[in-house]
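In my numbering, the protein residues as written are 148 to 518.
In case anyone wonders, no lab produced these hints; they're calculated from the structure.
Computed from a predicted model, the values in this text were never measured in an experiment.
There's no promise every hint is true.
Taking lysine to any residue and the SDA-like style, the derived pairs with C-alpha atoms no more than 25 Å apart in a straight line are [to be verified]: (1) Lys492 / Gln453; (2) Lys218 / Leu206; (3) Lys223 / Ala213.
Quick list of simulated restraints, FRET-style, between CB atoms [what the hints assert, rightly or not]: (4) Ser373 / Gly420: 24 to 32 Å; (5) Asp345 / Val312: 24 to 32 Å; (6) Gly199 / Arg277: 28 to 36 Å; (7) Ala313 / Asp345: 23 to 31 Å.
Idealized CB from N, CA, C, for every residue including glycine.
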Amino acid sequence: MKRPDGVRPPSGARPPVARPERAGDGDHATEPITLTTPLTLRVTPEPRSIAGKQQAERLRAEKAQAEKAEKTQAEKAQPTKAQPAKTPPLKTPAAKSPPSPAEKPRLRLPRVALPGAERRSVARAGRERRRFERGEVRRFTKRARRRRTIALVTAGSLALLALVVAVAAYSPLMAVKTIEISGTQRVSAQAIQDSLDDQVGVPLTLVDRAAIGRVLGSYPLVRSYSVQTRPPSTLVVSVVERTPVAVIADGAEFDLVDPAGVVIETAPAAQEGYPLLSTPTGSASGAAFRATARVLLTLPDTLEGQVASAAATTGDDVSLTLTNGSVVLWGGSEDSALKAVVLDKLMAATDPATVASYDVSSPQAAVVARR
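Generate the whole structure from the sequences, applying the supplied hints.
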């Protein structure tokens, strides 16, 4: 079958159906038909510049976000059917399996390309943030370094000081080279030095004080002592000798004794300047000796040289005989200082040559007996 224009259609093609024309009042002009392509079918032409590409990507991202928001609102608007409550099954303890990645979807924001100016601004902000963080790290680490430095310097100083002290203490430079003896009158200082020769060459910190005490203890006249070290190489020994107070006759000899009864010296004749003491026992012991020794120690220098002898039978009847022959009835050793003052006043107020005795056993009521 041929077309009206005289062109034969291809074989197998269905001929067009002739439609009756609508009768009208007259022929009208046919309006042109405009076809509009939906937005979803439009193809955005490829941009020719980088800025255009970035803008196109931004538009696509905004469009995707808008479609996602519309879909979410549509899902929320659909009514949900009420379902009967279900009794949850009994839970049995079982090993928990780690959740699969599909159960926890990760939300990823689309990357939006920024223009050149904004990209440079973001890069600048990142550099400033990193610079600030580095400054903060330096600031805090500087304090830590300062504290660590101070601690190390202090520890090093203490260690150095301890080392110097140890070297100085145990070094031969701080060894004993000279021994000085002081406070001796009756004891020979040279004899004590010779006894302490074994301490020469010993470091000052290692001086054997016990050995020094044993050496000085062998001298009866030494009552006490003290040992001092004087850097760099001097050992000082201070001696306190016993104080003699009286002489006690011991047969044909005379013993010079101190208040403790220690014999300081023994001689064939009575030592001058010390009173001759007689006691019931005839020795430097007992209550009578101790009371008489205390009385002799409290006498002032003006009276000490005038006492020729002293005697006592008990601790309460001490008597003194002066060089002029007068007798002093002292009594006990209590109030000895007051009795000494009263006796001194009485001797100054009277002529000792005319006085037979002074009774100061009761210092508030002293009695003077004339010859």
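Checked hints:
Among the hinted pairs, lysine 492 with glutamine 453 is consistent with the structure: their alpha-carbon atoms are about 15 Å apart, no more than 25 Å. Only pairs whose Cα atoms come within 25 Å are accepted, and lysine 218 paired with leucine 206 is accepted, the gap being roughly 18 Å. Proximity of lysine 223 to alanine 213 is assessed by CA-CA distance (about 16 Å); at most 25 Å being required, the pair is judged to hold. Taking the beta carbon of each, serine 373 and glycine 420 are about 28 Å apart, inside 24 to 32 Å as hinted.
Here the CB-CB span from aspartate 345 to valine 312 is close to 26 Å, well matched to the stated 24 to 32 Å. Distance hint check for glycine 199 and arginine 277: the Cβ-Cβ separation is about 33 Å, which falls inside the suggested range of 28 to 36 Å. Distance hint check: the CB atoms of alanine 313 and aspartate 345 are about 24 Å apart, consistent with the given range 23 to 31 Å.
The structure shown violates none of the earlier numbered hints.
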